[in-house]
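Top to bottom, those sequences are chains Y and Z. Take the first sequence: its letters are residues 0 to 196, numbered as in numbering that gives the first Met the number 0. Take the second sequence: its letters are residues 0 to 249, numbered as in numbering that gives the first Met the number 0.
Hint data in this document are derived by calculation from the structure and do not stem from the laboratory. A hint or two may mislead.
[Claimed, not checked] Computed spacing ranges between beta-carbons, pair by pair:
no., chain 1, residue 1, chain 2, residue 2, range
1, Y, 24, Z, 201, 30 to 40 Å
2, Y, 165, Z, 213, 42 to 52 Å
3, Z, 213, Y, 24, 20 to 30 Å
4, Y, 86, Z, 130, 22 to 32 Å
5, Z, 69, Y, 104, 25 to 35 Å
Even glycine gets a Cβ: it sits at the ideal position worked out from N, Cα and C.
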Amino acid sequence: MAGKIAGALIAGMLVAAAPAMAGNSLVAPGSKVQVAKSGMSIRSDGEWNKLGRRLGPNTETWTIDGDELNDVTFYGGIADGLPIFREVDKKNRPLPRVSSTMLVTDIPTLFETSYRIAYDTPLMKIDTVEPTSFAGGKGVRFTYSFTRPNEELHRKGEARAAVVGGKLFLITYEAPTLHYFDKTLPAFRQLADSAAF
Amino acid sequence: MKNWGAAVFLPAAAFALLVSAPAAAQEKTGNKAGFSIAPGTARIVLMRPSVKVGEQSTGGMFEPNADWTAQARENLGKAIAATQGRLGNIVVDYEEPNGADTAAVAEYRNLFSTVANSVITYQFFPGNRLPTKKRDDAFEWTLGPDIAALPGMAGNDYALFITTEDHYGSAGRKAAQIFAAFAGVSVPTGVHKGYAGLVDLKTGELVWLNADLKMGGDVRTAEGAQKRVEQLFEGFPGRTGIPQTVTAGN
């Protein structure tokens, strides 16, 4: 038994050590860049840091002070049948999958369920959902709030999403409710407004 | 922080363990460019420390222990009280408000811990430093200017926040370590976080931070707590060793 546990731990350590410590890079003001290995481009009026690490193969995270304080994540073209980010416990708690035929109104629920599973917490809820334009097409805008397990800090989020060519495109912003969320919200909205294909 | 899986973003503690190579030597103290306090010139309000103690399960998960946390809170409280008068400036205990303001104060304590985590992950580890935090003398971190509006802050210059979090290895975790050692793999045990930070009440900026994920001192004992407190206050701005008169509540 103990051998199995040790084996699992060792495997866990190796998995943890696997992602290369890719460097973080600067997104200069005024730059227009392709994000999340997708056809989606974003123009940034302000200065951001692009993190070297990714949540999944088609994601990319930008931040100003670190992803715990301000986190903009681009999900670029998640294909039918895939989760929005890497599985955390596929056997016991599999993540929901993107469907190419999903409605934009299904996206907030997909996102909420994915977060509840990933954080293993019920303390995640969608607060508002409304239609919006996304990169010139039909999309959805939603807001959410959550706290992480073993942490009492309250966080808020805002997201925009659409299904384009059968793939999910999603841009999320989240930050602590206290001070940080409002401070960086205009900069996030500028990025989201600039999304184009 | 999206730290829900080992293969995605890592919590600060795990990150620290992964980049513990000498090439990525961790810094432990930072202060805002140009910041200093002359001894005897400032009035500092000490926020109630955030203390968590528990066990690290075989799989590495944190399981809080109420008895250990209570012991640590008492031990650290006494050690801080004994040190408070030797910090070079007047340090008074913050009088916790009642009602809705209690939650607001708790939220600032939580935010301080999160900001300190971010400083460790994205500034103190040179290999992972954010490009915008690499510039000369860049130590730009804040809790926001509204902290000055909390009840009881008026008349004070700085707020001093302290966070400690200790995960002691369970028997199962230690057994796993032994097996892993035979396999030539390191399974680290224990997390011993200690953060002390000064926030300028005029701006909300974090002007000094001492933070380490591997602090010494077993906070469940009086001696260990004293050692931890000494480490927390290493390099405290304006510290001279000359006792100051402290009148709590004034």
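- Message: Taking the earlier hints as the rules, which of them does this structure contradict?
- Response: Checked against the structure, the only hint that fails is number 5, while the rest are satisfied.
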